[in-house]
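Peer 1: As given, the protein sequences belong to chains A and B, one line each in that order.
Under our numbering, the residues of the first sequence are numbered 1 to 579, in order.
Under our numbering, the residues of the second sequence are numbered 1 to 301, in order.
One or more hints might be untrue.
As the list claims (entries may be wrong) - Covered stretches of chain B, as calculated for chain A (at least 3 residues, CB under 8 Å):
#1 9–23
#2 61–69
#3 166–174
#4 205–217
#5 242–254
In short, the hints are calculated from the structure, not lab data.
None of the values given here were measured: they were computed from a predicted structure.
Glycine included, C-beta positions come from ideal geometry on N, C-alpha and C.
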Amino acid sequence: MKAYRQQRNNLTLHSITFVVQHAAMISVCVIQNSFAFLIAWEMIALTSFLVIIFEHEHIATIKAGINYLIQAHFSILFLMIGFIWVASKTGSYDFEAITSYSASIPVSASFMLFMFFFIGFAIKAGFVPFHTWLPYAHPAAPSHVSGIMSGVIIKIGIFGILRMLLLVKTDFTSVGYLILIVSLISGLYGVMLAIIQHNLKKLLAYHSIENIGIIGIGIGIGCIGTGTGNQVLAALGFAGALLHTLNHALFKSLLFYTAGNVYQATHTMDIEKLGGLIKRMPQTAVLFLIAAIAISGIPPFNGFVSEFIIYTGLYNWLSDASLLSLLAAIFSTMGLALIGGLAMMCFTKAFGVVFLGTARCELPSSCKEVPFLQLFPMYILAVFIVLIGLFPVSFISLLSQPVSLFIGTGSLMFNASQLNALNAIQPVSWASWILILLVISIFLVRRFVMSRHKISTGPTWGCGYVASTPKIQYTASSFVRTYSKLFAPFLLIGKHEEEIHGIIPSEGKYHTHPYDEVEKWLIDSPLKLNKSFMGRFLFLNNGKLQFYILYGVLFILAVLSIPLIYQNIYSFIGFLKQL
Amino acid sequence: MLSVLLIVIASIFFTGIIIRTKSLASGRKGPGIMQPVLDVIRLFRKGVVYSETTSFVFQIAPTIYFASVIMAMLVVPFGQSRGVLSFNGDFIFFAYVLALGKFFSIIAAMDTGSSFEGMGASREALYSMFAEPAFFILMGSLALLSGHTSFQEIFAALHIGSQISYALAALATFVLLMIAMIESSRMPIDDPKTHLELTMIHEVMILDNSGFDLGLIFTAGYLKFAIYGALIVNLFIGVIPYQYAIPSFFAIQFVMAVAIGLIESFMARFRMSHNPQFIVALTSVSLLIFFGVLLILQKFM
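Based on the provided sequences and hints, a complete structural model is requested.
Peer 2: Here is the structure:
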């Protein structure tokens, strides 16, 4: 394949659609009319499809693109049902009508209405079980597009859900519990599958599902807070969710961009073939490391701040009286802690295998650091990741307006100084500062002490074995082997094995290819059923022109004759009714 | 501030006591109690050898690991006196800052390109992942019981009054002790004195560290033990005045060290494949604590 920059025709179309895509995304956020909203939504779907299939000479890319296109239209279908439902009852496509209509109908009906919107937006956001397009579209797209898709487009889904929470008047408590459960499943399932991926971008795509889960946990507890009148919980939940939305946009784009650098330098995304890139691409490696620490929710970077707010919300919720909410709170805490641990495992694997050690396969000789201009945008992202981690208070005060929309009344102004539960954010940032100062000072002491001693290098200690090769290194699969055995019931890992046998051993092979259990049951099985049902009508499609003309004639006859005999049919039905 | 001082003092003796107990139990005289500290001082004076495979990650990792343990130490209170840093939800920071240290020690092990160290790294990542929910549920239960969300307020408000709360305190001690074992890679999860790299976890991750870096890692390990010891002590000394609290702090730390020494002398390490089950069982124990708290607060109505 040629370098992206030399595919001129491709690039022209790509750039145009890229701009249109951004325009559509911005318009989705400002439009207040459901009809125009659907048009902008459709524009996002179509332009995204075009930008995904940039490498259209690969069949996998086209497949991923079409997969995305179909699922995006399922999203539109659900939204359309929701909007038309409201419009048919009120005759208005204005967003205001949704509020007034949903307030006038019984709670169960407005809950249904919200569910249509929720499913529509959840497909875009990538909540499990609507996530199956993500792991295909993200690796297939060029990395800058993957960054935008993961950083912005799936956040448009989150935006949609938040927008509908403001518009639809329904029982927020049950909505909250529903979102909380879906999000916990998304978070755990996303990261559980991320760990076993061999393709770096697919790994990151599954991680987006996990982070959408974390955002959803925030939204869920926020809704429950609104529903039960617990304003502190609502504020913490929505603030955590919104901040994590921004944070995830920052570090996930950075991760995809750095993955793009790796792809550009090595022409592969298979992490089992990479290794030791930190020596060839030190700046990319540091950027990836910053993002990896941030996404694992570890201080002193931004991921910790938003997860901290969500944790604070969950622990705050524990002061609630009812048994159900206590159980929900403790299990959500458990889930969030487990997600954090799994994310750490996933990113130590990704960073360790891709950038550290030595190369597992021979890398192309042109593998070197990308030019500075290409790194510059990534540095900007990294700076924001660090800034939010170190100065969270100023960013949280930016959230005060959107969050006060959700908690309703202005009685509780949302900012760090007035909301007691958020008092902790200031000390957390101090703690991050102290941590950084501590690291620097210990490092300086270390340098001072070491300058007086001998520093030598030698081979890695091989426990007595001296002829080690890069092949002996721990691979990504071996790193997660114990894990994948333990979590086997939830995972679907296809294995292909050829054992070594014979006196003169033949070549042995061992392949694993992870697959998605949800995809198997939700997408593949119904499709298979559908296909076998539709196969019964294959005889119609017999390839003879005469028959096709006959079908056409029959169709025209039917179209012409049905109005003629309509009256008869109508009276016949009336006759049947009389019987 | 008091807690930092006490933890540092305790950490000086703690590992020495464990080693001494083990040697006495096996009929040897054993090294002096200060030997681990002397070892560290000796390491600080030594030169270092780096593997050719490693990058700067390997060089900064011990520093960050050490700093993360220090940060964790700063939020631990002692009875009525706050930690250096004390805020709502400081235990979340405690767990996550320790995770930062773990993150770096894992990637440093991966940096050497050694399969043994990769093995250790993989195990460390897996076990610490399983241990995390147990800690968060335990702290959640204590937060629910006391109505506060910072270490110091939780511990100050804990009153061991009724029989059921004794049971809870015992269970909480067990959970914290086992988390301490997992975090500091001791028996029954990991055997620091094993002679085969294949069966190690923590020890195998630091095979390539030497000199100052190794000294930092050892010191961090000693401190970690004393930190968890201090947390356990805190469960019991809520409102006791200092003249009793400080001696009991050292007494409990001493008992803990002797107990660990005895466990390590008379018990074999679990099979690696049994470790995850054990650690997940820990989560269920902490859930038990949670239900116990619900019972105390009479939520089952």
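Peer 1: So is the stretch 9–23 of chain B in contact with chain A by the C-beta rule, three or more residues under 8 Å, or is the coverage claim wrong?
Peer 2: violated (count 0)
Peer 1: With a Cβ-Cβ cutoff of 8 Å, does the stretch 166–174 of chain B contain at least three residues near chain A?
Peer 2: violated (count 0)
Peer 1: Are there three or more residues in the stretch 61–69 of chain B whose C-beta lies closer than 8 Å to some C-beta of chain A?
Peer 2: Contact hint for the stretch 61–69 of chain B vs chain A: holds, 5 residues under 8 Å.
Peer 1: Can you confirm whether chain A covers the stretch 242–254 of chain B, using C-beta to C-beta distances below 8 Å and requiring at least three such residues?
Peer 2: Answer violated; 0 residues pass the 8 Å Cβ test.
Peer 1: Between the stretch 205–217 of chain B and chain A, are there enough contacts, at least three residues with CB-CB distance under 8 Å, for the coverage claim to hold?
Peer 2: That given contact holds, which follows from 6 residues of the stretch 205–217 of chain B lying within Cβ reach (below 8 Å) of chain A.
Hint compliance for this structure: hints 1, 3 and 5 are broken, all remaining hints hold.
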